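Engineer: For reference, the chains in residue letters:
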Amino acid sequence: MAVAEHAWHAAEEEPRAMGLPLPNSKLAMWLFLATEIMFFSGLIGAYIVQRFGAPHWPRPEEMHLVVALGAFNTFVLICSSVTVVLALKALHEQDSRRSALYLLATFLLGGVFMVVKVIEYTDKWRHHLLPGQIIETVPSLVQEALTQRRHLAAEQGKKAEEDAVFVALDRFYRYNIGNAPLTDAAALAWYQELRASFPKENWPEITNAQELRNRLTELVRQRRVELKDKKLAHDAALEELEALQLAAHGIPMSKRQQAVHYHYLSEQKYPQAHLPHLHLYGNAWSSFYFTLTGIHALHVLGGMVIFAVLLVFYVLGRFGPDKAIWVENAGLYWHFVDIVWIFLFPLLYLIG
Amino acid sequence: MTTTHETHAHPNYLAVFGALVVLTAISVTSEYLIGQAAGHVVNVLVAVCKAVLVAMFFMHLKYDWFKVYFMVVPTLIVGIVLVLTLMPDATFSQYRNVLDVPPPILAD
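Residue numbers (our numbering), protein chains in the order written: chain A, 185 to 536; chain B, 66 to 173.
In case anyone wonders, no lab produced these hints; they're calculated from the structure.
Some clues are possibly wrong.
[As the list claims (entries may be wrong)] Below are the PhoX-like pairs computed for lysine-lysine, each with C-alpha atoms no more than 25 Å apart in a straight line:
#: 1; chain 1: B; residue 1: Lys127; chain 2: A; residue 2: Lys301
#: 2; chain 1: A; residue 1: Lys273; chain 2: A; residue 2: Lys210
#: 3; chain 1: A; residue 1: Lys384; chain 2: B; residue 2: Lys132
[Claimed, not checked] Computed Cβ-Cβ distance ranges for the label pairs, DEER-style:
#: 4; chain 1: A; residue 1: Phe216; chain 2: B; residue 2: Gly100; range: 36 to 42 Å
#: 5; chain 1: B; residue 1: Val113; chain 2: A; residue 2: Phe216; range: 19 to 25 Å
#: 6; chain 1: B; residue 1: Val109; chain 2: A; residue 2: Glu277; range: 23 to 29 Å
Note that the coordinates shown come from a computational prediction; the quantities given were computed from them, not determined experimentally.
Note that CB positions come from ideal geometry on N, CA and C, so glycine has one too.
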């Protein structure tokens, strides 16, 4: 038994060439890249599942994605991949200076990529296309339109306070009378609060819930008529929006139908009103966009740090052909970041 | 130890660069040339081709493949399986029919 075990071990430990025909650091880099493959598979996989599982998904142009910018960044990364391999080739040819120049070019190209990224992110910021800030439903749209209208009124020299009254009344009516989800006591309590908020309006004391409903309905109607008289496109659009919202509560109108109708109102019927934009599933889109491109951009930054370190070694006069393996490993990482972008570009900008 | 890393001939990097640029141009224009659905298929295929080119020539897998394939192949398999196994569980599939009704007539 002991002899057999010994023989088995001996066979297992047959002396061969030690390890893989690969430098340790390169092996480590490939192991790291293997974990990175899994990391990005998870991210991109989650995006694909969400994208193709959702009943609707915003088109890239709707979310202000510019294909030309994405294509330009693709070109920049391809160029930078070439400069890295040329840096390695130069080092193999014992030309440290040329190698350092190629590394500098790679670093600068990474910088160009990041500048374009900043331009794109700033554009999303300006258009409020950030996760959690995108309007997807008609109720939140009406809120936004009312706020917008209040600003409009203030700009036109009207009393903002008067407008606030309308907004409060209108909101109260729509949410608590129009759809009647409140109990009588709660509705009366709310009315008291409303009276206290706007003492100048001198609203009468009301203790009967039915009377309150009648009066409020009358008041809101009257206000709406006043608004109509002002003949502001925005007001007229708001009227329709409210109708749309009320309809959405009682009539089986799908979210997409609402969105399509809203698009018609905002873009074709009342373009001069500059109503806020509605993007169905825009928040999901935005989350994925910023997560995917943001994590990729962090990888680009990481690569730039690596190249900066190599350039510092060159400046210190400690960069020579013996550092070829450093350049090769940095290059492996950089090419991987390039490959990730090769998939992100069509997924986000072209297929959308 | 220096013998562990044999240097190989460098491929023609500029030719690879040219191929990558041409492929990028194809993916940007495909949708206009052959329509949306076919364009999307082309885009995915082009992305795979570009990734293979970068991996083969820039990452030198043409020479190093048999030294690292045991790390790359399993992760690629697991990565692809991850996506494929999640696909049928598409999160909004229950709402697809509810929301996917034809748009209303846009008459005033």
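Engineer: Against the structure, test the hints numbered earlier, and report the numbers of the ones violated in rising order.
Structural biologist: Of the numbered hints given earlier, those the structure breaks are 1, 3 and 6, listed in rising order.
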